[in-house]
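Here's the letter readout for the chains.
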Amino acid sequence: MDSQANKLAFDLAFDDGWRYAPAPESVDHIRIDEQYGLFIGGEFVAPEEGRYFPSINPATEEPLSNIALATAPDVDAAVAAARKAYGKWSKMKAAERGKLVYRLARMLQERSREFATIESLDGGKPIRESRDIDIPLAAAHFFYYAGWADKLEYAFPGRTPRPLGVVAQVIPWNFPLLMLAWKIAPALACGNTVVLKPAETTPLTALKFAQLVQDAGLPPGVVNIITGAGDTGALLVNHPDVDKIAFTGSTEVGRTIQKSIAGTNKRYTLELGGKAANIIFADAAIDQAVEGIVNGIFFNQGHVCCAGSRLFVQESVADEVVQKLRERMETLIIGDPLDKNTDIGAINSAEQLERIRAYLKIGEEEGAEMHQSSCPVPDRGYWCRPTIFTGVSQSNRIVQEEIFGPVLAVQTFRTLEEGLTKANNTAYGLSGGIWTDKGAKIFKMTQGVRAGVIWANTFNKFDPTSPFGGYKESGVGREGGLHGLAAYLDLEAQRS
Amino acid sequence: MSAASRVAVAKTYKIYIDGKFPRTESGRYFALEDKDGHVIANVSRGSRKDFRNAVVAARNAFGKWSSASAYLRGQILYRIAEMLEGRREQFIAELVTQAISKRRAAAEVDACTDRIVYYAGWADKYQQIFSAVNPVSSSHFNFSVLEPTGVVAIIAPDESGLLGLVSNVMPAIVGGNTCVVLASESLPLCAVSFAEVLHASDVPPGVVNVLTGYRSELTTQFASHMDVNAIVYTDGDPEVGKSIQVEAAQNIKRVIARPGIRWDSETSQSPYLVQDTQETKTTWHPIGA
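Protein chains in written order, with the numbering used here: chain A, 1 to 496; chain D, 1 to 289.
Derived from the structure by calculation, the hints contain no laboratory data. We treat Cβ as the ideally placed atom computed from N, Cα and C, and that holds for glycine. Don't take every hint at face value.
[Said to hold, decoys possible] Derived pair list, reagent style EDC-like, types lysine to aspartate or glutamate, alpha-carbon separation capped at 16 Å:
| id | chain 1 | residue 1 | chain 2 | residue 2 |
| --- | --- | --- | --- | --- |
| 1 | A | K259 | D | E239 |
| 2 | A | K444 | D | E239 |
| 3 | D | K64 | A | E153 |
| 4 | D | K49 | D | E85 |
| 5 | A | K438 | A | D283 |
| 6 | D | K49 | D | E239 |
| 7 | A | K84 | A | D283 |
| 8 | A | K461 | A | D231 |
| 9 | A | K99 | A | D215 |
[As the list claims (entries may be wrong)] Here's a subset of chain A near chain D, in silico, CB distances under 7 Å, partners left out:
| id | residue |
| --- | --- |
| 10 | R255 |
| 11 | T331 |
| 12 | R380 |
| 13 | Y471 |
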């Protein structure tokens, strides 16, 4: 595109005629209780110490509900409930167990609108994403793993799979219900019982899910949901009667967990941080690639562990790509998460916003050039404009460290080998993106990038059948697909 | 000159790094004695510098070895078995000097050869067992394959000097990993001789590096090194396991514990040991015009 046409597109994007009328999702059908207890042994119970904390709507800074804070006696009670339920649940006829998991999938689908709306209220993500991605995928996850319950012996040739016992699961705030589904669905299908702790800023859909567990008629104690912050999570992970830990969160916390359970026989899977490379070759379909870059870094406000936060553009198209990216960034609508036109919702919490802002400052201090969209931002709530940095180098902190926000660092490369070397110059290895029209090059790159999930000519796609998880410091183990079953089964050879 | 008056040439047991047999950087050794207290050999007391050098060699070898064809890796492993079979008597004699009965020594060497053949055969098959085409609901072709995790540090079983080492090294390298292995402390001799077999078998330099030395000195190094991707150990002592996992957490190493396994049992070999040091990579591509 020549520069005049470019300028025209730029002007058009700004024009008022491109604005949409607000189209907010209604909230009149949503029921959020004023206060939630802990879900232990099939009942909501008050926390032993009687303490509660608020869950805040990050788009308005208003509290949505008061959430019980679980302390040591509550964690004990939840683990004991899971232990008590384990015997019957693990011995239940597998097909029947599967049918109960199927029920959860169906009930999630039935109540998808309510779950989607609450997810956006509690976490700040655009309703379009929670409606079209989070909730349907969560339901699909339960549906997929339900069917495995009575087929496990076919998944592992030469092995007799057995459940592990009580599973402790700690999940993050970026995809609250989806992460719950990734954790609970395979655990239940494999015959384990569960104590799950959602993140303290986004507990609501997990608590709504607890009601669904009651409605579905799962035996009491098979699923327990306790709420609280990091301290509660640590108590759960370090509880002596837990057999397996499944954690999704930062590499820093993952490291602490791996250390703290050393010397126990607890199994663990860790899904940790990332700093994915998104690599654009000159022969790529550039407009599609730009869409992929936008989806890669601005999806869910960049609160995505597999976000394509490092962009590598082949030098000959770098100016064109950056120009188009900036234009596209200008068209993104930031604001009310419940508005169906919104592209970028609220940053999940004040704490996270502060962290992102600190990195923006670091990026500038390191000498990078910052470009932000000029879109208006609401007065209240936590917001961050989509941001790209150019003129960065490999050693910059904004290139090496996970920001977990809508912040992209752009670099260039000349040869395939240089692109690959730069892409792999990271301690992380969760995901990566490749954009090129040449088939052989796709395979060269998908094989060369040291990461667990590679998207070629696409980005940020997820499916229950598709294993997800990292190389290197991005974690241990896989979730999703047949490979995700292994995390919840004892597959040791029978000792002769 | 009669045979009786000939002085035998004693072998210096060195370490094996990057396809070479250097002396240990430490310049130190420990004496291996027979049951009568006679020195059988002076064994290299590998240092952490030796270990670091070995990791560099293993890392440098990783790119080529991991991208070698499965067929080639299978051929090279099979070649190791051939070379070992050819030196059967030497290995039996060496095990016998370490106070193992001749009958047991022969059984161990034969079991090693057979185990290498077993894993050679997996080279171009495990991928077919563990990979998958995933039926995603969107219009994408999606598949998962195994890729080697990288550099694997192996603390070989102490009680099984040759078979234990072979049983842990083979599943790592057949899958394209490179490794640094710490030989049995009490039965180290055949480990060094096995390195000579590897050396004669077209195994590229750096793919397997063999150190001898004290576990008490080297275990922490093996577990904590930031350029090691996985650590395999077989010690059943919970304190050892604990310290290994604490150190390994520095860079989220894969910690693979194989305690209490009888390496002379057939159940101790399986493709799941290959999978232990593999990563699952999932690739997506749109289907469309």
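The hints, checked one at a time:
Among the hinted pairs, K259(A) with E239(D) is consistent with the structure: their alpha-carbon atoms are about 13 Å apart, no more than 16 Å. The hinted pair formed by K444(A) and E239(D) fails the criterion: a straight-line CA distance of about 44 Å is larger than 16 Å. Taking the CA atoms of K64(D) and E153(A), the gap is about 36 Å. The hint is violated against a cut of 16 Å. Between K49(D) and E85(D) the CA atoms are separated by roughly 33 Å; this puts the pair beyond 16 Å, and the hint is violated.
Between the alpha carbons of K438(A) and D283(A) the distance comes to roughly 8 Å, so the proposed pair stays at or under 16 Å and holds. For the suggested pair K49(D) and E239(D), the alpha carbons sit about 25 Å apart, so the restraint of at most 16 Å is broken. As the CA atoms of K84(A) and D283(A) are separated by approximately 59 Å, the hinted pair breaks the 16 Å bound. For the suggested pair K461(A) and D231(A), the alpha carbons sit about 33 Å apart, so the restraint of at most 16 Å is broken.
Distance hint between K99(A) and D215(A) is fulfilled; the C-alpha atoms sit about 14 Å from each other, no more than 16 Å. For the restraint placing R255(A) at the interface with chain D, the shortest Cβ-Cβ distance is roughly 5 Å, inside the 7 Å limit, so the hint holds. Hint status for T331(A): violated, given a least beta-carbon distance of 23 Å to chain D, over 7 Å. Given the 7 Å rule on beta carbons, the hint for R380(A) is violated: about 37 Å separates it from the nearest Cβ of chain D.
Interface restraint check: Y471(A) against chain D, minimum CB-CB distance 5 Å, threshold 7 Å, status holds.
Checked against the numbered hints above, the structure breaks hints 2, 3, 4, 6, 7, 8, 11 and 12 and satisfies the rest.
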